[in-house]
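Colleague: Residue numbers (this note's numbering), protein chains in the order written: chain A, 1 to 325; chain B, 1001 to 1260.
Possibly wrong hints are sitting among the right ones.
[Stated by the list, open to error] Just so you have them, the derived chain B footprint on chain A, three or more residues with Cβ under 8 Å: (1) 219–231; (2) 262–273.
[To be verified] From chain B, some residues computed to sit far from chain A (all C-beta separations above 10 Å): (3) Pro1007; (4) Gly1019; (5) Ala1033; (6) Ala1060; (7) Gly1085; (8) Ala1094; (9) Ala1173.
[Unchecked claim] Computed spacing ranges between beta-carbons, pair by pair: (10) Gly1112/B - Leu310/A: 43 to 49 Å; (11) Asp1213/B - Phe318/A: 27 to 33 Å; (12) Gly1112/B - Ala8/A: 16 to 22 Å; (13) Gly1148/B - Ala13/A: 49 to 55 Å; (14) Ala198/A - His1021/B: 44 to 50 Å; (15) Ala202/A - Glu1064/B: 44 to 50 Å; (16) Val296/A - Gly1112/B: 27 to 33 Å; (17) Gly1112/B - Val39/A: 38 to 44 Å; (18) Glu45/A - Asp1115/B: 42 to 48 Å; (19) Gly1147/B - Arg144/A: 24 to 30 Å.
Treat the hints as calculated values from the structure; they're not laboratory data. Cβ coordinates follow ideal geometry from the N, Cα and C atoms, glycine included.
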Amino acid sequence: MPTRRRAALVLSALALLGGGSFVVALAVGSFSVPLADVVGALVGEPVEHAAIVRDLRLPRALAGFACGGLLALAGALMQVLLRNPLADPYVLGISGGAGVGAMLAILLGLATAGINGFAFLGALGAMLIVFGLAHGDGAWTQTRLLLTGVIVAAGCGALVALMLSIAPEHKLRGMLFWLMGDLSQTGAPWIALAILAAALAAALPFARELNLLARGQDTAQALGVDVKRLRYAVYAIASLVTAVAVTSAGSIGFVGLVVPHLVRLAIGNDQRLLLPASVLAGGALLTFADTLARTVVAPQQLPVGVLTALIGVPVFLFLLARHRQ
Amino acid sequence: MSAQPLPLIEARGLAVSVGGHTVCRDLDFSLAAGERLAILGRNGAGKSTLLSVLAGLRPADAGEVGLGGETYAALGPRAAAKRRGWLPQRHSDAFASTVLETALTGRHPHLGRWDWETKRDAEIARGAIAAVGLAGMEARDVQTLSGGERQRLAIATLLTQAAPLYLLDEPLAHLDLNHQIAVLDLFAGAARDCHAGLVMVLHEPGLADRYCDRALLVHGDGRCELGACRELLTADRLGELYGHPLRQVESDGRRWFIPA
């Protein structure tokens, strides 16, 4: 039976994990910084490597945490909205739209701000197209939404492939890194963190209604949920959250799919606990993965999306095999 | 002070259609506390569609449905959920969940936005689970239940919701004979002792005759007949309703209808 006390325990444990991921992210790298110096740098003491910790590693760790949290939150919401445990934040074509925008910006030779702006506009465009097409005559079934999203995503994939094939050689690497998901180019992590906090705060009051929505629209409506309004709100929040994550770090795979799934297996499907727990677990996972990505073949950096996919694929297959039994 | 108590549910001039065929036009009826109504008709006649219109889950083509004198639009979904419970015909569980958690969802309309279920809510849910014979299975995953067990859990959830009006879409689906009678006895008891109202879609006219006061025959071509079971349920009329000749047999003072 779900209780507040259990929720507090689980969330405290995950918050510790998140804190741990920060400590590792700040201490580990091409320069190893001792723990005491990490703490010193954070509180503003003039210790050795303070600049590395404060100006390089901290913003990147924050961006990683924010993106991981955003993706996990979006994934958990999409899974409820589509009543499909295999849905992820990208299934409705939002990352595809962002990809088209970002590729176009890189082709045009825009700077980071331009790429981010175009990516966000692309994500919004895809979101509106999918919503408009799926909503159409008002019949808003999960299958129709899912199919529309998958088709729009496929269309975006084709456009991305087209741009990649006509792109000049020297721009290809940047384009590929963006597509695979990369945290080295993220600016302003505080914005993403603030949006993460706002989205979680907006979703939590409806968490018990989401529990009912996961059991079916009519069932939820009969038990007192304003299903139509709730679905609009969930679609809007999940899409915007995905757009922000993709805009700041490209399409990092599998976090949005696997994290809510793992958390659900561990603690059950009560959204009051699942949503905040997914945010913390997703944030911690991506921060760890990014630390690995920049240390495993240092000084060279891997795109973090490659690592999350490498971790995510076997975990997901394992879950799928278990699911079938 | 002698105002007539408002009916639990009332339909006025109700017109319903589904997939281009008319289920009913200009249907009027009302159900008072303690009354039991059976909806009978062939497959595809639109019984479930009519019931979901009565439950406020889909719009009517014309006319109004009122719960205690107020329309669904005026009540809002939450207040409506305290006045009527609806048992769906099919149950699909996309995610794992325990039996107890599932039954507890019935408490949703009674809880505030930030409330968590209390011990009292859990007691109500456990009582309902026991009432449908699932005691001891509280921790089972719903995805592992058999069809009949899942159906009884849905009924337990409905009891947990504790609304004074039950709208039941095939409450006997998947149930074996002993559970069919147990479930009907349970709801008949709620009608008798707690003055609950019952509207249920049934496939067995004999059970309708035994457990309901009135019947609504949905012919599927827009014609609906409403009347007391005793008078309305005859072999001739039911034979026409189902498109197959029926014969009435009597046993222990109860009437049953068997295919000729």
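Colleague: With reference to the structure, classify each hint as holding or not holding.
Modeller: Taking the hints in turn, this is what the structure says about them:
Figure legend: the segment 219–231 of chain A, annotated as covered by chain B; annotation consistent (8 residues with Cβ-Cβ distances under 8 Å, at least 3 required). With 5 residues having a beta carbon nearer than 8 Å to a beta carbon of chain B, the segment 262–273 of chain A meets the requirement of three or more and the stated coverage holds. Remark: the non-interface label on Pro1007/B is consistent with the geometry, its nearest Cβ contact in chain A lying 20 Å away (cut-off 10 Å). With a minimum CB-CB distance of about 13 Å to chain A, Gly1019/B clears the 10 Å threshold, and the non-interface call stands.
Listed as a non-interface residue, Ala1033/B keeps its Cβ farther than 10 Å from every Cβ of chain A; the least gap is roughly 20 Å. With a cut of 10 Å on Cβ distances, Ala1060/B stays outside the contact zone with chain A, its closest approach being about 15 Å. Chain A draws Gly1085/B into its interface by the beta-carbon criterion, the shortest separation being 7 Å against a cut-off of 10 Å. Interface exclusion of Ala1094/B from chain A breaks down, the closest Cβ pair being 4 Å apart, not more than 10 Å.
Separation of Ala1173/B from chain A is adequate, the least Cβ-Cβ distance of about 15 Å exceeding the 10 Å criterion. Between Gly1112/B and Leu310/A the Cβ separation comes to about 45 Å, which falls inside the hinted range of 43 to 49 Å. The hinted window of 27 to 33 Å between Asp1213/B and Phe318/A is violated, with their beta carbons roughly 57 Å apart. The beta-carbon spacing between Gly1112/B and Ala8/A, approximately 19 Å, falls within the hinted interval of 16 to 22 Å.
Gly1148/B and Ala13/A have their C-beta atoms about 39 Å apart, which leaves the hinted 49 to 55 Å range violated. Between Ala198/A and His1021/B the CB atoms are about 48 Å apart, so this pair conforms to the stated range of 44 to 50 Å. Judged by the Cβ atoms, the range 44 to 50 Å given for Ala202/A and Glu1064/B is violated: they are separated by roughly 35 Å. The given range of 27 to 33 Å is broken by Val296/A and Gly1112/B, whose C-beta atoms sit roughly 49 Å from each other.
About 42 Å separates the C-beta atoms of Gly1112/B and Val39/A, a value consistent with the hinted range of 38 to 44 Å. Against the hinted window of 42 to 48 Å, the Cβ-Cβ separation of Glu45/A and Asp1115/B comes to about 46 Å, which satisfies the hint. Separation of Gly1147/B from Arg144/A is about 28 Å and conforms to the stated range, judged on CB atoms against 24 to 30 Å.
Violated hints, in rising order: 7, 8, 11, 13, 15, 16; the structure is consistent with all others.
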